[in-house]
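Q: Listed here are the chains, written in short residue letters.
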Amino acid sequence: MINIEKKIYDAVEEIPTLPTIYSVLSDSLINPNANAADVAHLISTDQSASFKVLKVVNSPIYHLSSRIESISLAVLHLGFNEIRNIILALSVINLFSKKKILSAFRPVDFWKHSIGTGVITRYIGNALQVPRPENYFLAGIIHDIGKLILFENFSEQYEKVLYYVENKKCLIYEAEREILGTDHTIAGSILAEKWKLPESVCKVIRWHHGHPYTDESDVLIAATHIGDVAARMLEFGYPGDDYVHKPDPNAWELLKLPQHFFSKSADILISSYEEAINSILNCS
Amino acid sequence: MPLVVHIEEIVPGMVLGAPILNRYGQTLLAQGITIDEKHLLMFKTWGIRHISVEGPKDKDAKSVSINEDLLRLARMHVQKRMLWEISIPIEEDLFNTAAEHVIDIYSTNDLEADDDKY
Numbered sequence: 049m050i051n052i053e054k055k056i057y058d059a060v061e062e063i064p065t066l067p068t069i070y071s072v073l074s075d076s077l078i079n080p081n082a083n084a085a086d087v088a089h090l091i092s093t094d095q096s097a098s099f100k101v102l103k104v105v106n107s108p109i110y111h112l113s114s115r116i117e118s119i120s121l122a123v124l125h126l127g128f129n130e131i132r133n134i135i136l137a138l139s140v141i142n143l144f145s146k147k148k149i150l151s152a153f154r155p156v157d158f159w160k161h162s163i164g165t166g167v168i169t170r171y172i173g174n175a176l177q178v179p180r181p182e183n184y185f186l187a188g189i190i191h192d193i194g195k196l197i198l199f200e201n202f203s204e205q206y207e208k209v210l211y212y213v214e215n216k217k218c219l220i221y222e223a224e225r226e227i228l229g230t231d232h233t234i235a236g237s238i239l240a241e242k243w244k245l246p247e248s249v250c251k252v253i254r255w256h257h258g259h260p261y262t263d264e265s266d267v268l269i270a271a272t273h274i275g276d277v278a279a280r281m282l283e284f285g286y287p288g289d290d291y292v293h294k295p296d297p298n299a300w301e302l303l304k305l306p307q308h309f310f311s312k313s314a315d316i317l318i319s320s321y322e323e324a325i326n327s328i329l330n331c332s
Numbered sequence: 411m412p413l414v415v416h417i418e419e420i421v422p423g424m425v426l427g428a429p430i431l432n433r434y435g436q437t438l439l440a441q442g443i444t445i446d447e448k449h450l451l452m453f454k455t456w457g458i459r460h461i462s463v464e465g466p467k468d469k470d471a472k473s474v475s476i477n478e479d480l481l482r483l484a485r486m487h488v489q490k491r492m493l494w495e496i497s498i499p500i501e502e503d504l505f506n507t508a509a510e511h512v513i514d515i516y517s518t519n520d521l522e523a524d525d526d527k528y
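In order, the protein sequences belong to chains S and Y. So the first sequence is numbered by the numbering used here: it starts at 49 and just counts up by one. So the second sequence is numbered by the numbering used here: it starts at 411 and just counts up by one.
Honestly, the hints are just simulated from the structure, not real lab data. Even for Gly, the Cβ is constructed at its ideal location relative to N, Cα and C. Treat each hint with caution, since some may be false.
[Unchecked claim] A short, non-exhaustive set of chain Y residues, derived as facing chain S with CB atoms under 10 Å: (1) Ile458; (2) Leu481; (3) Arg482; (4) Ser497; (5) Pro499; (6) Ile500; (7) Phe505; (8) Asn506; (9) Thr507; (10) His511; (11) Val512.
All chains, full assembly: derive it from the sequences and hints.
A: Printed below as a string of structure tokens:
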């Protein structure tokens, strides 16, 4: 086990650091003299990024009252952090989208599941009126990032993981533990640490498959855990197995979502998901 | 009895069986309104996928309602992927929402083929 974790560390070393635009944005957020116009200008220099950002912010999960046509308006309505995080999510997808394809697991389906989880998690954040909703979309999108590290670097063994899933009809993280002696939550954490992602997002990557979910600071993890369950139930993409794990009772307890939350938000969730995969992955 | 009908299956002349509300509970369209082309466009703009209708006015529309059998197949399709039992109302709500979505994304043939396997 120690051996494989050492190998994961080595593999993560090879993964590029986050794109410049993200670090420049992060710096400008710390800079007290930066204003919305500066940030908007910075983002606008990357046309394909700004196009996608506008598509995402105009999807119904952000329920903005009018259509946003410019990055500076998007920053004004949703704040620097939310826009920066959307850009980060898009960059990560971009970084990993041209990677290896394993027999039963295509990156595009992986990202559909991740984007679906991001949409639902963000919408849960809205519904709970959490004080810092900007990490919800990002957390959902990158919660499973460890799977990509594993299947990219241990592809032969990962084929066995997928075969095990098929045979035993189990969840992929159980198969990863069985075959690799580690799982994607650990691999993902190693990358999250290297990228210095916000601490709350690092925790989501590490704990979305099991956590006490009792503390107020666990709301983001619980929301992602439920977002993952719901994305699987609604068959948003393919996370590597065809099953739905049991939602943790403590997560429900912590979130206290209304009884008809899913039936009432189904239309919004489904259309936001479809719009998001269309604009981000250029597919449906 | 009101029937749940998918947007693509709504035909002008159907009567709304339940009001359409926005997220604040305000009525956008009242129960009893006869649906025309203009309403169809509104549903699309609002992103509405299903509505409740009073029962089809013309006989051609009869075949378009979601029938019990299809719903049963959809429920089975969702259930066989779940590694757990439903125990609280919100799980039931998620389950029903998923079953309805399954009807949208799979053909009846797919669901029937699914059924044969079990």
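Q: Please verify that hint: Arg482/Y, Cβ, nearest Cβ of chain S, below 10 Å or not.
A: Violated. Min distance 17 Å.
Q: Do the numbers back the hint for Ile458/Y, that is, is its least Cβ distance to chain S under 10 Å?
A: holds (6 Å)
Q: Closer than 10 Å between Cβ atoms is the bar; does Phe505/Y clear it against chain S? Give me holds or violated.
A: For Phe505/Y, the interface hint holds, since the closest Cβ of chain S sits about 7 Å away, which is under 10 Å.
Q: Val512/Y was flagged as interface toward chain S. Is the shortest Cβ-Cβ separation under 10 Å?
A: Where the cut-off is 10 Å and the nearest Cβ of chain S is about 7 Å from Val512/Y, the hint holds.
Q: Is the hint on Thr507/Y kept, meaning its closest Cβ partner in chain S is under 10 Å away?
A: This hint holds: Thr507/Y lies near chain S, its Cβ roughly 4 Å from the closest one there, short of 10 Å.
Q: May I ask you to test the interface hint for Asn506/Y with respect to chain S, counting a Cβ-Cβ separation under 10 Å as satisfied?
A: Since chain S brings a Cβ to about 6 Å from Asn506/Y, closer than 10 Å, the hint holds.
Q: Under 10 Å, Cβ to Cβ, is where Leu481/Y needs to be relative to chain S, so tell me if that hint holds or is violated.
A: violated (14 Å)
Q: Would the hint on His511/Y be counted as holding, given a Cβ-Cβ threshold of 10 Å to chain S?
A: holds (5 Å)
Q: Given a cut of 10 Å on the nearest C-beta pair, is the interface hint for Ser497/Y held or broken against chain S?
A: holds (8 Å)
Q: Verify the interface restraint on Pro499/Y: the C-beta must sit less than 10 Å from at least one C-beta of chain S.
A: Pro499/Y check passes; min Cβ-Cβ to chain S is 5 Å, inside 10 Å.
Q: Less than 10 Å between beta-carbons is the criterion; does Ile500/Y satisfy it with respect to chain S?
A: Since chain S brings a Cβ to about 6 Å from Ile500/Y, closer than 10 Å, the hint holds.
Of the numbered hints listed earlier, those contradicted by the structure are 2, 3.
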